[in-house]
Amino acid sequence: MSQSPPQLAVQPRAPRGSLRRYIFSTDHKVIGVQYYLLGLFAVGVGVTLSLLMRLHLAWPQLAIPFLDKLSPMGAPGGVMTPEYYLSLLTLHGTLMIFFVLTTVPQGAFGNYFLPFQIGAREMAFPRLNMLSFWFTLLSLAVLLSTLFIGDGPPITGWTAYPPLSAVGSIAGPGEGMGQTLWLISISIFCVGSLLGALNFIVTTLDLRTRGMTLMRMPLTVWGWFVTGVLVLFAFAVLLAAAALLLLDRLGGTSFFVPANVVISGQLQPHAGGSPLLWEHLFWFFGHPEVYIAILPGMGLTSHLLSIFSRKPVFGYRAMVYSTLAIGLLGFMVWGHHMFVSGISPYTVMAFSTLSMAVAVPAAVETLNWLATLWGGSIRFTTALLFAIAFVSVFVTGGISGLFLAQPPLDLYLHDTYFVVAHFHLIMGVAALFGIFAGTYFWFPKVTGRMMNETLGRIHFWFTFIGAYCIFMPMHFLGLAGHLRRYSSLTDVHYLAPLIGWHVFMSIAALVTAAAQPVFFANLIWSFFRGASAPPNPWEATTLEWTVSSPPPWNNFPGKLPAVRRYPYEYGVANGERDYVMQDEPPPSPGTS
Amino acid sequence: MALAIALAVTVITLLFCGLLVWRHEWLPRPISTIAPAIDHQFAVSFIICGILFVLAQLALAYMVWRYRARHEARRVNPSRGNGALEEAWTLMAAAIFIGLAVTGYHTWARAHYTGAVPGALRIEVWGEQFQWDFHYPGPDGQFGPVHFKLMNDSTGNYLGLDPQLDPASRDDIVTPTLGVPVNRPVELILRSKDVIHSFFVPELRLKQDLVPGMEIPIYFTATRTGRYEIVCAQLCGLGHYKMRADLLVMTEPDFTAWLKKMAAEQ
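Keeping their order, the protein sequence lines are chains A and B.
Every letter in the first sequence is one number past the one before it in our numbering, and letter 438, counting from 1, is 438.
In our numbering, each residue's number is its place in the second sequence (first place is 1) plus 1000.
Bound conformation, chain A alone (with noise of 0.2 Å):
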């Protein structure tokens, strides 16, 4: 398919074994499919641990046949203890965050596509961008074997406050071995993650080719390379935090420990820590976070709905300058966290006042891409309905949050359910829709196949539906009260009511998973016997898609492009076309 090119950045042709082509490979294309895949595993993983916890909240006495086999300690009989589901909860958090939200969008779309769009041959440096998908499976790998060891994962969740996590064993199940090797799994992530940063970040600076400049990069170029930076300055915080807990919990020190700390009885040798400063150290990744889980969707979907609408993005200046200032104001605001923690008033006014400002950017957005499907033709793809999901995900989360920022209310709704729907919304679900939405988009570059889009509407319409069925009801919950990690509703005599609420977040929850199936099937089916793809079935502008599906090793062959436009050039008359390639020279004059 592909001649040999005349220039070459990298190596020029592929590996001859199949061990490193396919496994040890520092093609950034490979790399993106492992980071996909194991995307995949996690996700698997989490929402399973999910169902778990939703079976137990719903029926609390069920027994959950083989959870005993899984863990005779944490369900005797199949019937899950109190601190199981908080070790489950914790590591569906930690997967979920960690192995899914942030590596799939990043990791494994943006090391398979960034280089394309800006039109690079290969990511800036290819052995640190596999040592990174390495150091992400290593720390995988930590992570599960706490299911299988001692009294099992952590019970801290994703937040892991200490004292806590901090003191050992005597604090619970878990405490123990559990939460060091959380700990450890979180610093190899950490490493990985930066090592990824620093290859976004040099890739977008210094490899665009010939004519693309910052402002005619693809959205989604512009919200991986945001969250490049994102991630180098959040992930080297959390590496010190992580580091400095194990310390903690393994040196004998006390960066987060006070003195005269009495855990079931006995006097905890420690002294002049503070449990606050890992909150502050936690949040200010953990905020960021939540961008670094979202702006790849956001870019992504400010492309799907161009493409599909065949319009221009609207206000792609004003597109760019909010992923900027999203990125900004996501350094200012991990405060809004700690309303109640004990922080000074006066800060935890500072700090709503800059969380609701970063709604700003967030509606500019929003209403940008309401004003790019107006006046379109859109056609109705699987990719399309969920970059339209998305929005509607995103609206919701984000009017939620516009709660939470506001003191006196967060003062109410501070861990409660409220907080458990905004952030599965606005995180969870809509980043979830859209690593759908570009997984139907990009399967057929990535395969030379297409998705089947009838099983794709399937899954579609029982996942839409079936999120807003799962999380809208806990919105109402949190304002009846309803905490969240509470393992059964027994205890609080007001709680005891809302059980009913729990069946059916629950069943949905069963339905939603059970629908998911489709894609998989979807996925392996397609794979090998989808209708062959079209070097741009979507009639899309960017670089990938000049080239072959599935794309040549090296991305391009020959000489690499040269862009000579803004991306969304679409609805323009274009000879038989309506719109115009990135690289395409400018028509002559005298053409239309």
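Since the hints were made in silico from the structure, they are not lab data.
Note that CB positions come from ideal geometry on N, CA and C, so glycine has one too.
Worth double-checking, as some hints may not be accurate.
To be verified - Reference listing, derived: stretches of chain B covered by chain A, where coverage requires no fewer than 3 residues with Cβ under 8 Å from a Cβ of chain A:
(1) 1006-1017
(2) 1095-1107
(3) 1209-1223
(4) 1244-1256
What the hints assert, rightly or not - One-sided excerpt, in silico: chain B residues whose CB lies under 7 Å from chain A:
(5) I1038
(6) C1049
(7) F1053
(8) R1068
(9) H1071
(10) M1151
(11) D1194
(12) R1205
(13) Y1241
Given the coordinates of chain A, work out where chain B should sit on it, guided by the hints.
Below, chain B alone, put in the same frame as chain A:
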């Protein structure tokens, strides 16, 4: 497909509004002086955010349906943006969001800036895995000092008081229930023995973490007698879900009698 997704988005939006209005008292009945102000801020936010929510979702539904591709070719609107429009809506969004934040400042300041009024009833609230202890200073108005080494749940000396050594401890009262008089300002000093907990009484509209190593004061005035629940809002370990206690709001004479009874049980 266009109609289906437009309908789906519309139905979801209406369901949201319907659920909110159907049981408009999702929040439990308020029982503190600050609660009506917080509920008012909730109401303002529901109205403003509700309008934004409905407008955005319905606009999405409308665009999707109205601009679906038809069989006959139609020229799309080739607009790449509109500077004036974009500036206008950016400013409008900023005004609405910051304005909404500002309307709530007063309530937050009232709840947190001033400190308790002099003469408020002072009670130490201690959290530990997985119970609450309430420490009343007794008639002398002095909290006896706690000795962390003496804390021992099995002997019932939860707070490590030493009446032999400390005269201030002799009249102290430690209870598993928080009793307060109605219509009298109360100051709680939140402390934790072990890990982070969070004090939450939905009816008081009051939530605050208890952080080991810190003494965090909060204050409230309850306005209605009755029995309410205190729950832990911050994940504190395996028994987090059952870390609860009762809040008893009593008339002044009932409170005095109750405290006397508790003192006799020490």
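>> Checking each numbered hint in turn, tell me which of them this model violates, lowest number first.
In response: Violated hints (numbers, rising): 4, 9; every other hint is consistent with the structure.
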